[in-house]
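Enquirer: These protein sequence lines are chains G and B, in that order. Note that the first sequence ends on residue 112 in my numbering; no numbers are left out. Note that the second sequence ends on residue 126 in my numbering; no numbers are left out.
Accuracy of the hints is not assured; some may be wrong.
[Stated by the list, open to error] Result set (EDC-like, lysine to aspartate or glutamate): computed pairs, CA atoms no more than 20 Å apart in a straight line:
| no. | chain 1 | residue 1 | chain 2 | residue 2 |
| --- | --- | --- | --- | --- |
| 1 | B | K22 | G | E40 |
| 2 | G | K99 | B | E108 |
| 3 | G | K43 | B | D51 |
| 4 | B | K114 | G | D50 |
| 5 | G | K72 | G | D50 |
If you are wondering where the hints come from, they were derived from the structure by calculation, not from laboratory data.
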Amino acid sequence: GESVGLHLPTLSVQEGDNSIINCAYSNSASDYFIWYKQESGKGPQFIIDIRSNMDKRQGQRVTVLLNKTVKHLSLQIAATQPGDSAVYFCAEIYSYQKVTFGIGTKLQVIP
Amino acid sequence: NAGVTQTPKFQVLKTGQSMTLQCAQDMNHNSMYWYRQDPGMGLRLIYYSASEGTTDKGEVPNGYNVSRLNKREFSLRLESAAPSQTSVYFCASSEQPFTGKLFFGSGTQLSVL
Numbered sequence: 002g003e004s005v006g007l008h009l010p011t012l013s014v015q016e017g018d019n020s021i022i023n024c025a026y027s028n029s030a031s032d033y034f035i036w037y038k039q040e041s042g043k044g045p046q047f048i049i050d051i052r053s054n055m056d057k058r059q060g061q062r063v064t065v066l067l068n069k070t071v072k073h074l075s076l077q078i079a080a081t082q083p084g085d086s087a088v089y090f091c092a093e094i095y096s097y098q099k100v101t102f103g104i105g106t107k108l109q110v111i112p
Numbered sequence: 014n015a016g017v018t019q020t021p022k023f024q025v026l027k028t029g030q031s032m033t034l035q036c037a038q039d040m041n042h043n044s045m046y047w048y049r050q051d052p053g054m055g056l057r058l059i060y061y062s063a064s065e066g067t068t069d070k071g072e073v074p075n076g077y078n079v080s081r082l083n084k085r086e087f088s089l090r091l092e093s094a095a096p097s098q099t100s101v102y103f104c105a106s107s108e109q110p111f112t113g114k115l116f117f118g119s120g121t122q123l124s125v126l
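If we strip away everything but chain G, and leave its shape as in the complex, we get:
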């Protein structure tokens, strides 16, 4: 809901432009990474995942990049649409058991 958006970094993007959302993770031994999308008043929803032995994965209009050297993950959204407005957060999974979530980035799409 609205309280989730407080204190979050915000990215404002013009409709039709590409968006890049970044995430720094903490555990260099994490096996797997996931991006979630959370719309206002809803629960998080899986977008795309990537295994630690990959550096790029593409989905429909979304691409995730993994840079293990600097422990950085990014989500690229092509041709951003108003329906993409949401909070996006990454999750790192260690040993296929422990899940650590980032605090998220709020994406605002300007029509």
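Starting from the structure of chain G, add chain B where the hints point.
Expert: Coordinates of chain B only, in the frame set by chain G:
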């Protein structure tokens, strides 16, 4: 296809009151979870149930209890609510083997006055 269903969506309690948050999933998942979400923090795990009949503490279990009623249902109980438990609560479930991919309910916004 309902997925994960949580009730209620909103709740206001006075300090010291008790309540139970209900969760049910229809995806035949073995594992279920309760998370809380607070401003400026990532989702934090309260309790989880790897399978029917088992429950384990997560990162922030104090002040909560859970019951895995059957494979479908996993409830979270606040015995004596405190203002620090004001939060948005999410139930989730996952497939086996676990990959980290969680299926979330729509949340319960709880305020404790």
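Enquirer: Would you mind marking each hint as holding or not holding in the structure?
Expert: So, going through the hints one by one against the coordinates:
no. : hint           : result
1   : B:K22 x G:E40  : holds, 15 Å
2   : G:K99 x B:E108 : holds, 15 Å
3   : G:K43 x B:D51  : holds, 14 Å
4   : B:K114 x G:D50 : holds, 8 Å
5   : G:K72 x G:D50  : holds, 15 Å
Going down the numbered hints, you'll see the structure goes against none, and every one checks out.
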